[in-house]
Amino acid sequence: MLTILFDGVAYGMLLFVLACGLSVTLGLMNFVNLAHGSFAMAGGYVTVVLVNRWGVPFLLGLPLAFLAGAALGALFERTLYVHVYAKSHLDQVLFTIGLVFMSVAAVDYVMGSSQQFVNIPDVLQGQFNLFGVGVGRYRLMIIGLCGLLTIALQLILAKTRFGSRLRAAVDDQRVARGLGINVGAVFGLTFAFGSGLAALGGALGAEILGLDPIFPLKYLIYFLIVVTVGGTSSITGPFVASILLGIGDVAGKYYLPSLSSFVIYTIMIIMLLWRPQGLFARAASR
Amino acid sequence: MSAVPPENARPLAAEVAAFLTRRARWSPLEVVFWLVALASIWLFPQKHLILTEICIWGLFALSLDLILGYAGVISLGHAAFFGLGAYSAGLLAKYGWISEPALALVAAALIAAALGFITSFLVLRGSDLTRLMVTFGVALMLGEIANKFAGITGGADGLQGVEIKPLLGRFEFDLYGHTGYVYALVVLFVMFVIARRVVRSPFGLSLQAIRGNALRSAAVGIAVNWRLVAIYTLSAGYAGVAGAVLAQTQSFASLEMFSIERSADVLLILIIGGTGYLYGGLVGALIYRFLQDELSELTARYWQFWIGLILVAIVLTGRDRIGRWLAPVVRFADEIARWRPGRAASAGEGR
Chain A
12 MLTILFDGVA YGMLLFVLAC GLSVTLGLMN FVNLAHGSFA MAGGYVTVVL
62 VNRWGVPFLL GLPLAFLAGA ALGALFERTL YVHVYAKSHL DQVLFTIGLV
112 FMSVAAVDYV MGSSQQFVNI PDVLQGQFNL FGVGVGRYRL MIIGLCGLLT
162 IALQLILAKT RFGSRLRAAV DDQRVARGLG INVGAVFGLT FAFGSGLAAL
212 GGALGAEILG LDPIFPLKYL IYFLIVVTVG GTSSITGPFV ASILLGIGDV
262 AGKYYLPSLS SFVIYTIMII MLLWRPQGLF ARAASR
Chain B
72 MSAVPPENAR PLAAEVAAFL TRRARWSPLE VVFWLVALAS IWLFPQKHLI
122 LTEICIWGLF ALSLDLILGY AGVISLGHAA FFGLGAYSAG LLAKYGWISE
172 PALALVAAAL IAAALGFITS FLVLRGSDLT RLMVTFGVAL MLGEIANKFA
222 GITGGADGLQ GVEIKPLLGR FEFDLYGHTG YVYALVVLFV MFVIARRVVR
272 SPFGLSLQAI RGNALRSAAV GIAVNWRLVA IYTLSAGYAG VAGAVLAQTQ
322 SFASLEMFSI ERSADVLLIL IIGGTGYLYG GLVGALIYRF LQDELSELTA
372 RYWQFWIGLI LVAIVLTGRD RIGRWLAPVV RFADEIARWR PGRAASAGEG
422 R
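Protein chains in written order, with the numbering used here: chain A, 12 to 297; chain B, 72 to 422.
By construction, these hints were calculated from the structure, which means they are not laboratory data. Glycine included, each C-beta is placed from N, C-alpha and C at the ideal position. Careful: at least some of the hints might be erroneous.
[What the hints assert, rightly or not] Some chain B residues close to chain A (C-beta under 10 Å, calculated; not the full set):
hint, residue
1, L200
2, S367
3, G389
[To be verified] Pairwise CB distance ranges, derived in the manner of DEER restraints:
hint, chain 1, residue 1, chain 2, residue 2, range
4, A, L135, B, R392, 33 to 43 Å
5, A, A196, B, D228, 21 to 31 Å
6, A, Y266, B, A227, 20 to 30 Å
7, A, I280, B, R268, 40 to 50 Å
8, A, R286, B, G232, 39 to 49 Å
[As the list claims (entries may be wrong)] No more than 30 Å apart at the CA atoms, straight line, and that leaves these computed lysine-lysine pairs for DSBU-like:
hint, chain 1, residue 1, chain 2, residue 2
9, A, K229, A, K98
10, B, K219, A, K229
11, B, K219, B, K236
12, A, K264, B, K219
13, B, K236, B, K118
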């Protein structure tokens, strides 16, 4: 029981790292980026290539994956995404789903369609017993790492100058512009950072979520649920939503293995009926 | 508006009626379009299998146009209804519950519409993002149901062993797809006429008002939610019919029909053809099928890449800009559309 809870929390933390970039960019520019999972997949594959082929240590591979994802995100943001911000949601959906398809086919072409595994160091493998609860080392590391990241993110948002600029831009873009905040630059940075986080999530999650070319499509629904349920106004909302979804999904797989895939849809529908504007929505959300 | 004297009210009502009639009139261009479609039965007998597919895709895109082009609802999972229609028709035929294809078609449409009605209440909640999530989630869920109940649906192997009885007890579905094509074309035409009637009606106008601004539409007395429920249900039924025709002409249904790729394909088809004038889906299906033939000869396995590239290219170029390139064509079409037998084009309608 506690093991399930533990695994669920680890899974949820992972989902949070994967999706939080999406929720911030969505709240900031009202931009629907369905291609967010493609950056996560890129991070996963970068780690696979680095660790398995070039023998880079796993723990060094993670920050490199983050950097690769952030660089990729910045590149795409500056060259392609900037042209689409002002367009309708329909255009944004078409554009980003097009990117997803291209990334899926491109990765299939370069890396093949089979599932990839990252070689994880022995230290992180196996389980140990903690007060009678089986704790996987790798999952413990994920919880630790993602927990630190969450705290760091919260601090950046709440305490730094950049954080207050970002919050101002999310709250009211026009007024923020009027106050001399360069919203475009704030957005570019946030986008790159969010893509980097997704890439890091993809690298960490290769072991748990599995890594193959259809990753962006397979987990798209999870990202969407996290963002819609959690709302886009803070990072607490997506965090709680991710943890709930993670625990729900893992518990569903354990207790109702034949119906496991329906559990998340049920969660989605109940959430929608209960709080159609998201868990922590403010009255004036866009 | 209460200041209008009663004697002026009649001309206004007459004016509105005249406007609606004018909108609903068939233009010569449309007549030519359908005559060509009819002629294709005799002109291209070897191409009937491909033409059948084009009809089905066209009908599917038409169903999406009803919600996207007219009501402005974005769906990422319209394949849900397409697949449901296909499986309904397939199962009805396989287990012999309804052996008459035309009746099974109606049943499949009703089943898909029923699901559309139920899910419409979820879809109507929240923003575009929520709609994306719900429509996508519903399609995934149906695919999962079809996968899990493998005993009935055949699971990942698809629904096999479907035997479609002769249409109306007389016309057997042949191997070359001749019966299938005539059947698909007739279904497409009938559904098109109904859709045309619906969108040209005051109801259709109110939908366009909702797409323009839901808040203001509510303020002038349009029951926004119920109108959206109605059109979503109708659209689901249409998609169900498209799926059912596919299952009946191919005697097969598969899980792939629920996939996101299907939903994206139909979006692409509609976008290629243009939204909001009903013919977009049909034109788009023709172009799409042609593209598919050309591109999959290059790389059948990475066909998805090209779909993605086309989508990105269309958005980056700008849909309205592409529309402007086509402006001369559209103007020419308008000229023809305004033409009536026995009347000069320039005389027009006195607008």
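Results of checking the hints against the structure:
{"no.": "1", "hint": "L200", "in the structure": "6 Å, holds"}
{"no.": "2", "hint": "S367", "in the structure": "12 Å, violated"}
{"no.": "3", "hint": "G389", "in the structure": "8 Å, holds"}
{"no.": "4", "hint": "L135(A) - R392(B): 33 to 43 Å", "in the structure": "52 Å, violated"}
{"no.": "5", "hint": "A196(A) - D228(B): 21 to 31 Å", "in the structure": "53 Å, violated"}
{"no.": "6", "hint": "Y266(A) - A227(B): 20 to 30 Å", "in the structure": "24 Å, holds"}
{"no.": "7", "hint": "I280(A) - R268(B): 40 to 50 Å", "in the structure": "34 Å, violated"}
{"no.": "8", "hint": "R286(A) - G232(B): 39 to 49 Å", "in the structure": "46 Å, holds"}
{"no.": "9", "hint": "K229(A) - K98(A)", "in the structure": "26 Å, holds"}
{"no.": "10", "hint": "K219(B) - K229(A)", "in the structure": "17 Å, holds"}
{"no.": "11", "hint": "K219(B) - K236(B)", "in the structure": "28 Å, holds"}
{"no.": "12", "hint": "K264(A) - K219(B)", "in the structure": "14 Å, holds"}
{"no.": "13", "hint": "K236(B) - K118(B)", "in the structure": "23 Å, holds"}
Hint compliance for this structure: hints 2, 4, 5 and 7 are broken, all remaining hints hold.
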